[in-house]
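Asks: Just so you know, the protein sequences line up as chains A and B, in that order.
Each position in the first sequence, counted from 1, maps to that position plus 41 in our numbering.
Each position in the second sequence, counted from 1, maps to that position plus 138 in our numbering.
To be clear, the hints were calculated from the coordinates, so they are not data collected in a lab.
Quantities reported herein were computed from a predicted structural model and do not represent experimental measurements.
Backbone N, C-alpha and C define an ideal beta-carbon position, used for all residues, glycine too.
Be aware that a few hints might be false.
[Stated by the list, open to error] What follows is a set of in silico ranges between Cβ atoms, one per label pair, in the way DEER data are often shown:
(1) Asn95(A) - Arg223(B): 39 to 47 angstroms
(2) Ser50(A) - Pro199(B): 23 to 31 angstroms
(3) Arg202(B) - Asn95(A): 40 to 48 angstroms
(4) Pro219(B) - Leu121(A): 41 to 49 angstroms
(5) Ser211(B) - Asp52(A): 40 to 48 angstroms
(6) Ile143(B) - Glu99(A): 35 to 43 angstroms
(7) Lys93(A) - Gly235(B): 14 to 22 angstroms
(8) Val191(B) - Pro151(A): 26 to 34 angstroms
(9) Pro219(B) - Pro117(A): 44 to 52 angstroms
(10) Glu156(B) - Thr113(A): 21 to 29 angstroms
(11) Asp108(A) - Met153(B): 47 to 55 angstroms
(12) Thr113(A) - Ser211(B): 32 to 40 angstroms
(13) Gln86(A) - Pro199(B): 22 to 30 angstroms
(14) Ala54(A) - Pro219(B): 49 to 57 angstroms
[Claimed, not checked] According to the in silico footprint, chain A covers these stretches of chain B (three or more CB under 8 angstroms from chain A):
(15) 186-198
(16) 242-251
Each chain, letter by letter, is given below.
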Amino acid sequence: DAKTTQPTSMDCAEGRAANLPCNHSTISGNEYVYWYRQIHSQGPQYIIHGLKNNETNEMASLIITEDRKSSTLILPHATLRDTAVYYCIVRVGSTDKLIFGTGTRLQVFP
Amino acid sequence: DAGVIQSPRHEVTEMGQEVTLRCKPISGHNSLFWYRQTMMRGLELLIYFNNNVPIDDSGMPEDRFSAKMPNASFSTLKIQPSEPRDSAVYFCASSPGTAYGYTFGSGTRLTVV
Numbered sequence: 042d043a044k045t046t047q048p049t050s051m052d053c054a055e056g057r058a059a060n061l062p063c064n065h066s067t068i069s070g071n072e073y074v075y076w077y078r079q080i081h082s083q084g085p086q087y088i089i090h091g092l093k094n095n096e097t098n099e100m101a102s103l104i105i106t107e108d109r110k111s112s113t114l115i116l117p118h119a120t121l122r123d124t125a126v127y128y129c130i131v132r133v134g135s136t137d138k139l140i141f142g143t144g145t146r147l148q149v150f151p
Numbered sequence: 139d140a141g142v143i144q145s146p147r148h149e150v151t152e153m154g155q156e157v158t159l160r161c162k163p164i165s166g167h168n169s170l171f172w173y174r175q176t177m178m179r180g181l182e183l184l185i186y187f188n189n190n191v192p193i194d195d196s197g198m199p200e201d202r203f204s205a206k207m208p209n210a211s212f213s214t215l216k217i218q219p220s221e222p223r224d225s226a227v228y229f230c231a232s233s234p235g236t237a238y239g240y241t242f243g244s245g246t247r248l249t250v251v
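Kindly produce the complete structure, drawing on both the sequences and the hints.
Replies: Here you go:
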């Protein structure tokens, strides 16, 4: 299984962009990168996923490097409600399995 | 859509008792997943189903745990007998298939005393 490495915690000022990095140097060519977040005591929430190209939706943007060994999740204008644990996950091969790591705890401050 | 529905939200039981957790996936989703979350071990995948068939149960901790999906709209996770170390939040999630995101339920907080 491709492992991911994320910083344990990050801070971001409200209104600024939050850039959350993730390393996945052992990723295979057909493995997708997924991002989820978990706000305290709630179920994890899907944010975005991608394979090779950069992706954008109403919540965030996902930037994947050309060699696919790392990616960055961008929250363009962080709010206090974005305070959460953010998980970067590489889906296991051709299966549906998502194995969660320890994630990055993002604290957005006023 | 009501999302993934789990019941009960909270369960407190005595050691040795049987516990059954329930999940109703989103209609049309053909994959269903059971996760367990604790402070020590984080989010662990216990088992997942595809089209009501168990595909991978390698995360089920031991024989005391069992999961079923009798139809596309219902799944159960049973612990018999329960032990204090089973105390955790149990999440159910569903997905319309590969390359799509999961939708998680609100979880069941289980406390075994």
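Asks: Decide, hint by hint, whether the structure agrees.
Replies: Going down the list of hints, with the structure as the test:
no.	hint	result
1	Asn95(A) - Arg223(B): 39 to 47 angstroms	43 angstroms, holds
2	Ser50(A) - Pro199(B): 23 to 31 angstroms	29 angstroms, holds
3	Arg202(B) - Asn95(A): 40 to 48 angstroms	45 angstroms, holds
4	Pro219(B) - Leu121(A): 41 to 49 angstroms	44 angstroms, holds
5	Ser211(B) - Asp52(A): 40 to 48 angstroms	43 angstroms, holds
6	Ile143(B) - Glu99(A): 35 to 43 angstroms	25 angstroms, violated
7	Lys93(A) - Gly235(B): 14 to 22 angstroms	20 angstroms, holds
8	Val191(B) - Pro151(A): 26 to 34 angstroms	49 angstroms, violated
9	Pro219(B) - Pro117(A): 44 to 52 angstroms	50 angstroms, holds
10	Glu156(B) - Thr113(A): 21 to 29 angstroms	46 angstroms, violated
11	Asp108(A) - Met153(B): 47 to 55 angstroms	51 angstroms, holds
12	Thr113(A) - Ser211(B): 32 to 40 angstroms	38 angstroms, holds
13	Gln86(A) - Pro199(B): 22 to 30 angstroms	26 angstroms, holds
14	Ala54(A) - Pro219(B): 49 to 57 angstroms	50 angstroms, holds
15	186-198	holds (count 4)
16	242-251	holds (count 4)
Going through the hint list in order, the structure does not satisfy hints 6, 8 and 10.
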